[in-house]
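Peer 1: Turn these sequences into a full structure, and let the hints guide you.
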Amino acid sequence: MTGLNGDEGTDVGRRSRALKIAGLTLAGTLVLGAGAAGWAYWHLSDNITGVDIDNALGDNRPPKPVTTPSPSGPALPGEALNILVLGSDSRSGEENRRLGGGDSSGARSDTAMVVHLDAGRTSATVVSIPRDTLVTRPPCPRPSGGSTAVAHHSMFNSAYEVGGPVCAVKTVEEMTNVRMDHYLEIDFSGFARLVDALGGVTVTTDEDISDEDSHLRLEAGTHHLDGTRALALARTRHGIGDGSDLGRIGLQQKLVKALLEQIASQDLLTDPAHLYRVADTVTAGLTTDTGLDSLAELTRLAQSLKGLPASRVRTVTMPVVQAPSDPNRVMAEEPEAGKLWESLR
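Residue numbers (this note's numbering): 728 to 1072.
Certain hints may be false.
With a straight-line cut-off of 30 Å between C-alpha atoms, the simulated DSS-like cross-links for lysine-lysine are [claimed, not checked]:
hint : residue 1 : residue 2
1    : K1033     : K791
2    : K791      : K984
3    : K984      : K1033
4    : K984      : K1066
5    : K791      : K1066
6    : K1066     : K981
7    : K1033     : K981
Here are the in silico distance ranges between beta carbons for each label pair [unchecked claim]:
hint : residue 1 : residue 2 : range
8    : E939      : G1034     : 24 to 32 Å
9    : N1055     : G977      : 13 to 21 Å
10   : D933      : P1051     : 25 to 33 Å
11   : N904      : T875      : 17 to 25 Å
12   : H942      : S850      : 47 to 55 Å
13   : S850      : S992      : 17 to 25 Å
14   : P866      : P1051     : 22 to 30 Å
What the hints contain is simulated information worked out from the structure, not anything from laboratory work. Using N, Cα and C, we set each Cβ at its ideal position, and we do this for glycine too.
Peer 2: As structure tokens, this is what we get:
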């Protein structure tokens, strides 16, 4: 065997050292990348506030629907799901107070929607519940023990004010006889920051809006709104129609469709930095049940919806009539309301 001369040995040594340096650099990059990914995952999951609703309510609840497996064809993304989505008007924190228009005690469910996802994730129905609906609020467990008293002819949004997410879910289940599989809640600041992270939303209004309470003024037509103005639109009530909650629900349903279309227009998976900013914004303002209080669970739900277009999302309002006892309140219109809820079981 012929030995290496001095120059060749030096070149081999340099290449060997270069390979070692490259290997160590790659290994370090992978370790740092894994560490950063691990930190990001922990941070996003830690953002979410979880509430153990299932444990608090126990077994005295509407049954879960039984999904019949298909004998052929591709596997479905999952069973049908009903999710109670609330927008809280909490003024806790400086940003919420600013966006909400000042201080107020307590918090109520400013927006309430039951989102029904079919088993194949080919369609969805979003049912808005007017917050002025008079209901029988059931006794709800208190975190400190005991329970709240039953309340007849009580406004729907008082359930959250009295007993938080647990009482909101229990009240919805009592009035609909539909099991809520999950719970999602976002506050003022969380909603505004989400819209901003998505680059705003485009909404078309059918009439001029001038609402002193929400501080929103818009001429009829199409507008691209940032987070603050989108939130003002969601809160607008007195500047449209007859000033009732039903007019505001119509605007909120427009916003739901606009948000879905904005999300669909952005391929977040091709821009990890943008994806992280959106995820950080969403999770920071989010309260969920313990079945969704991790990034893994939220991601699994989001992935199951990737084939669901905004055009297949139906928005409706629970049928209501004016309450005989108070012209400023409504009550469920039967049998229409019952038939709607039955279709979601």
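Peer 1: Each hint needs a verdict: does it hold in this structure or not?
Peer 2: So, going through the hints one by one against the coordinates:
1. K1033 to K791: holds (24 Å)
2. K791 to K984: holds (28 Å)
3. K984 to K1033: At roughly 15 Å apart (the allowed maximum being 30 Å), K1033 and K984 satisfy the hint.
4. K984 to K1066: Given pair K984, K1066 holds - Cα atoms ~24 Å apart, limit 30 Å.
5. K791 to K1066: holds (18 Å)
6. K1066 to K981: holds (24 Å)
7. K1033 to K981: holds (20 Å)
8. E939 to G1034: 24 to 32 Å: Since E939 and G1034 have Cβ atoms about 43 Å apart, the given range 24 to 32 Å is violated.
9. N1055 to G977: 13 to 21 Å: holds (18 Å)
10. D933 to P1051: 25 to 33 Å: holds (31 Å)
11. N904 to T875: 17 to 25 Å: For T875 against N904, whose Cβ atoms are near 21 Å apart, the range 17 to 25 Å holds.
12. H942 to S850: 47 to 55 Å: violated (36 Å)
13. S850 to S992: 17 to 25 Å: holds (20 Å)
14. P866 to P1051: 22 to 30 Å: This hint holds: roughly 26 Å between Cβ atoms.
Going through the hint list in order, the structure does not satisfy hints 8 and 12.
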